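*Asks:* For reference, the chains in residue letters:
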Amino acid sequence: MRLLAAFHAAANPNAIPAPHIEYRAILPMLIVFGVACVGVLVEAFVPRVHRAVTQTVLALAGLVAALVAVVANTGLPRRLVVQSAVAADGPTLFIQGTILALSIGALLLIADRSIGADSDFVAQAADLPGTEQERASVRAGLRQTEVFPLAMFAVAGMMLFPAANDLVLAFVALEVLSLPLYLLAGMARRRRLLSQEAAVKYFLLGAFSSAFFVYGLALVYGYAKSVEYGDIATSLTSSDRGDSLVIVGLALIGISLLFKLSGVPFHWWTPDVYQGAPTPITAFMAAGTKVAAFGALLRVFFVAFGGLAWDWRPVVWGVAIATMVVGAILGVTQTDVKRLLAYSSIAHAGFILTAFAATTRASESSVLFYLVAYGFMNIGAFAIVMLVRDADGEANHLSRWVGLGRRSPLMAGIFALFLLAMAGLPPTSGLWAKVAVFQAAYQGGAGPLVIVGVLASAVTAYYYLRIIVLMFSQEPAVEGPTVVMPGALSAAAIALGVAVTIVLGVVPQTVLDLADKAVPFLR
Amino acid sequence: MLTTHAASGVFSVTWLIIAIPLASAAVLILGGRRTDRWGHLLGVAAPLASFVLGLVEFATLVGKPEVERSIDNHVFGWTIVEGFHADIGLQVDALSISFVLLITGVGSLIHIYSIGYMAHDPKRRLFFGYFNLFVAAMLLLVLGDNYLALYIGWEGVGLASYLLIGFWSYKPSAATAAKKAFVVNRVGDFGLSVAIMVMFATFGTFSFTGVFSAVHGADPATLNAIGLLLLLGACGKSAQVPLQSWLLDAMEGPTPVSALIHAATMVTAGVYLVARSAPIFDLAPTAQLAVTVVGAVTLLFGAIIGCAKDDIKKALAASTMSQIGYMILAVGLGPAGYAFGIAHLLTHGFFKAGLFLGAGSVMHATKDEVDMRRFGGLAKPMPLTFATFGLAYLAIIGFPGLSGWFTKDAIIDAAYHKGGTSGFVLGSAALIGAGITAFYMSRVVFMTFLGRPRWEADVHPHESPKVMTWPMILLAVGSIGAGYVLMLGGRFANFLAPVVGHSEEPSVQPASTAGLVTLAAMVVGVGIAALMYLRRPVPAVAPAGSFATVAARRDLYGDAFNESVFMRPGQYLTRLLVFFDNRVVDGAVNGIAAFFGGFSGRLRYVQTGFVRSYALSMLGGVAILVAALLMVRG
Amino acid sequence: MSPTILAAMHTSGTEAALFWIFGPIAVLAALGVVFARNTVHAALMLGGVMLILALFYAAQDAPFLAFVQVIVYTGAVMMLFLFVLMLVGVDTKERLVETLRGQRLATVVAGLGFLLLLIAGIGNAAIRTSEGLANANYPTNAAGQIQSGGNIYQVAKLIFTRYVFAFEVTSALLITAALGAMVLAHRQRVMPRRTQYELMRERFVRGAHPTPLPGPGVYARHNAVDTPALLPDGSFSELSVPTRIRELSAEQGRRPVPSSLGSAAGSDRSSAEGDER
Amino acid sequence: MSPMFYLYLSAVLFTLGAVGVLLRRNAIVVFMCIELMLNAANLALVTFSRINGNLDGQIIAFFVMVVAAAEVVVGLAVIVAVFRTRRSASVDDVNLLKY
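First to last, the protein sequences are chains A, B, C and D. Here this note's numbering is used: the first residue of the first sequence is 1, the next is one more, and so on. Here this note's numbering is used: the first residue of the second sequence is 1, the next is one more, and so on. Here this note's numbering is used: the first residue of the third sequence is 1, the next is one more, and so on. Here this note's numbering is used: the first residue of the fourth sequence is 1, the next is one more, and so on.
It should be emphasised that the hints constitute simulated quantities derived from the structure, not laboratory data. Quick caveat, the model's predicted, so the values are computed rather than measured. Even glycine gets a Cβ: it sits at the ideal position worked out from N, Cα and C. It is possible that part of the hints are untrue.
Label pairs and their computed distance ranges (CB to CB) [unchecked claim]:
#: 1; chain 1: B; residue 1: G597; chain 2: A; residue 2: A495; range: 31 to 39 Å
#: 2; chain 1: C; residue 1: I71; chain 2: A; residue 2: P47; range: 34 to 42 Å
#: 3; chain 1: A; residue 1: A18; chain 2: D; residue 2: S2; range: 38 to 46 Å
#: 4; chain 1: D; residue 1: R87; chain 2: C; residue 2: R193; range: 22 to 30 Å
#: 5; chain 1: C; residue 1: G207; chain 2: D; residue 2: R87; range: 21 to 29 Å
#: 6; chain 1: D; residue 1: F5; chain 2: C; residue 2: T99; range: 36 to 44 Å
Hey, can you work out the whole structure from these sequences and the hints?
*Replies:* See the structure below:
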């Protein structure tokens, strides 16, 4: 082989040497990309009746295989791979593993069709809502199975985003994860208008924010002469250029990341999109995107711009406070459960930002732990939201949830568990997640943030507990919605959520150790 | 003093004391309608089982030599976050076992009573579920061997209390009360959680043994800060000034709830917290002084409010507030007072539960009437209730020989013994409080059971069923005897000594000077009440326009004099305090809730739904962030 | 070309002229994108900006990008935009009234503020030298010889070595895009295809104009498409001129009907409204 | 003339694009303005590439173009889907989700 290459080079002095690629290190991502591509082929060649099953099995197998690959890679040395475009280090593996596990949960929800004849997805996205054509598609039992490859592409993007070691690859990954989500957000079967509106808003604002990313990238490139994180970090001390260039660039890049993780004031899309998108996609997006975005945020800000920490810290403080306050206060008067969870997700982003603002080693590991805990409670909560239905599909208005605990105590109890977890109460993972981030923040000198965080979590606890009280202490409405018994797939997803939430609540140490072993980021 | 011993024998199953009610609660809450038929029986059996277990442990504990009377039952090691290993364990010692017996003992009685009281409620099963949840949480609170477990229990009782106050949430007042209790308690909980964080940051551990062995070298300022934060937590849960306002409203819950949670157990958690943290407070004089001041203020505050309430449950609630003030005062006195505070807590558990159950029995008999002006002369149709209520009443006012006399006098005495001006002021406050207590409690009894009947025509009072009267009888027995058992010969103080330290004071002499003065104050209080509410008919409508009524009854010249000289200023004071309570404190709390609600309600309209507005505020945010970064840079 | 020259900050005069001529045009065109009422005009303005940028790329030693810009952006992307504009309706004009209160003022303030910050950021960058791309395009080897190369070769080399992974990953983007467009546009037929017979029935039962519409009239002096046809009775056929053309000619002030036959003007105007096949 | 002017030009174009996003109601034009922003960024990249004396900037610009092309396809597909449902391409009309 090598001989052949040498021969080739001798024959043509201009031949570009083949780059060395560490395939094993990027195997998890390659598997997911590959499965997504195979999924597209399945759409083309497998008969319609078999597609859904084939896609489900394929996607699940792919995710599991990728997860296995992530676990198998834990022994590899920490290094930069693929022409130093990708960082193969602990946080990468930890985040990728988290994203894969969360994606398995979300995929189970996406694939589940047991909730009556209608799934959450359109029969045909191209049908106009309310037309005879649409009804005919529904009657024909069609199903938009392209959802699976799209979701897989998004998963692959999410895995790549925090692993990328240069800004270009990060940008490409950002788009790989976003584009499928824009499409998927518009595919809800019920309330198509809302769903399409969500897609348009998400798309326009997402594209707007990624334009800022590109401009920031350009400015950083102008300053550092390179976009590789390591080079940027070096240039901060050695460059002869004025800092203003990199400061503005850093701000613009940070804004785009804050947009993805719904930091205030870039959170606007969150409630609208969470509410409008099909619930399984909301679950996927809420869990996966947040993990990926925080992973990338940590890597970009700690590895590339760690030298400027003194400059960006105060701003992160401000953003964290605003995010916690907005998420906590606006959640209080929400009446739609998905919207409420959206504001809760904003508040949680704020809590995580407090640890981030502390910029210590502990803040890295505590953020990782929080992401695991939060991701799973989120998947579980949205899974339950998906099951509370009446004749018009999901009953998302909170007034419809009154007395649900009387009607279906088990499901309402599980939902209550997830709410307790979000409130950070024992015996759930949420408690330790909060303890971890607040402790990291406190030790990192962000005491005031901790105070705001505790107050904000008191306010959020108020609205979570309000739902619990609503479900349990009042009689159900006569024509209220019922909780559909979950099918095997969504039951598995819920069980996954419950298990992780409780296990991490009781014995968090294993995962905390893992997170601690995973950090720090490869610098 | 702080060494603990590994658990063996019966102590190794201490966790069952908590697990049994918890499991029962899980069954009842999650079981749905299936458990309707037998739910209440399970609900009663659970605390009874825990009580029996507690008794066995108590007996075993008493049989051990004093130095071994602290058994640590390690449940599991819990390495939580890097660098700290929280051994979640249960600690059985004199203090915790006393609480266990109180909670499960009185709790069981109230559970039994509830079978009858809640018989007609379609959600009785759920009620028992919450009740058991409460018991489990409260047991965790007192049995945990570290602050973290205590905090978990603390939050747990808060949740159960919230659920139970709002149990009849179809009543808007109940829902509001639940919310208020929740919000006020969050303030206290915040203090506690910060205290725990500071503790961890300073000592690197949560466990009682760890913290207490580390306090000796600690910075006094830190200890004072921890103490004050703990006090804030105690104020929230124990309804002490300035966080007292939720307790009166909490009476919207079913009466057994008021009896168990808002009189006998949960509200005493603050006392437990201070007593448990004795080693910290002993080294933090400022915090300790603050504790005594809070206690003294509250005991007067509650007593005065008690004089003005016509609602029997609110009057009792005010008295609870006042009595807990005594306990807080006592535990603030340091080693001299811990034993008395806890002893008063135990006797109070009996007689206050008895009073509440009696009140519930009265309400049960009069179609849920709570206005004492519509009672009167109930002694005849309800002799058993009257007898038990009367005994509990005598106990609370400190009638010689009954339990309250032993413990309350001891506290007053101990306050005077503190010495100095502060000791005198505190003791006098407690003394005056005792007089007022006698007055308003007599008022309650006279207005409810004596005098002429003032109930509505369609009300036919009758004695309550046996399932309700027996618990009352047992509690009355406790009200009589608990004092002897605990106080004679300093028995309880000795028992508690390994936990809270010895007092150099000799055991209290019941016939001391202070005791005699207290007795006199009590007699005066009862006498005034008798003059006002026995010799004179009680109007069925509150004398709101008392100017006019005074004029109408001019022939009773002496009474008019009484009224204008003693009553009016008292009334004004009372009104002022009630006003303060209703407007200022409630106003602040309601205001906070309304603020968040209103703020949120208004702020949400910022989310206009217009993409362009979103994009605009994003661009604005970008500009601000960039500008901020450039400015930070210089 | 000597690889060792260190390009100063100053560029050649030709380039300066190019910039000062086309730079302002680019700004004007961008303003056009923002303010043109007609969407097609906006699109054309954007195309103009893109072409000018291609020119600037070429001037800055980026010939490959210049061509990509022309081919991909101006050629493909802009065509896509125009295509969709046509699909959505070219005649859609935006109302000029701003419905969101304060949006314009706030936009101008935020925009100006942002621009100032950007300019300040760039201006304070203290960039003193411009390296130029001579070295990058024609690197020397150890012996001091200029190696084979050129911009396209060096760009390709970078893409396929240093940036190879990003390059591969973009394929996922393209697949996603294709898949997405297909999902949102392609419809599988679930209802049986309607036969000729059914289509015919549908058309006749509705009773609307079964035959093709009449073509425009052709007269001796006017053979434009906006000249209506004459009916046998001498009146004008309202249907013979497409609506859009009628609007256009009305806009441009041309009477759709020869003035010599003015009697039909009224009927034509009335037809401008109702005719919505 | 210094290459800096290209940078200033790119800043102006970028800001104009951002302003256009906020002012235009037609979703397609809004999107065109976003494309304008990306183009401005590309100009900055190419200019920096020349100033820095390495080709990375050009490569990045190339990637931005590819990404933008994909984004255009997806975006226009979404916009057309909404247009077919509502017969309106105005972003102010997609306003059901709020508060």
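*Asks:* So the hint says 34 to 42 Å: do the beta-carbon atoms of I71 of chain C and P47 of chain A match that?
*Replies:* At 39 Å between Cβs, range holds.
*Asks:* Is the distance from the Cβ of F5 of chain D to the Cβ of T99 of chain C consistent with 36 to 44 Å?
*Replies:* holds, 38 Å
*Asks:* Check the following: the C-beta atoms of G207 of chain C and R87 of chain D are separated by a distance inside 21 to 29 Å.
*Replies:* holds, 25 Å
*Asks:* Could one say that the CB atoms of R87 of chain D and R193 of chain C fall in the range 22 to 30 Å?
*Replies:* Since the Cβ atoms of R87 of chain D and R193 of chain C sit about 26 Å apart, the hinted range of 22 to 30 Å holds.
*Asks:* Quick check on a hinted range of 31 to 39 Å for G597 of chain B and A495 of chain A, using CB atoms only.
*Replies:* At 36 Å between Cβs, range holds.
*Asks:* Mind checking the hinted window 38 to 46 Å against the Cβ distance between A18 of chain A and S2 of chain D?
*Replies:* holds, 40 Å
The structure is consistent with each of the numbered hints, conforming to all of them.
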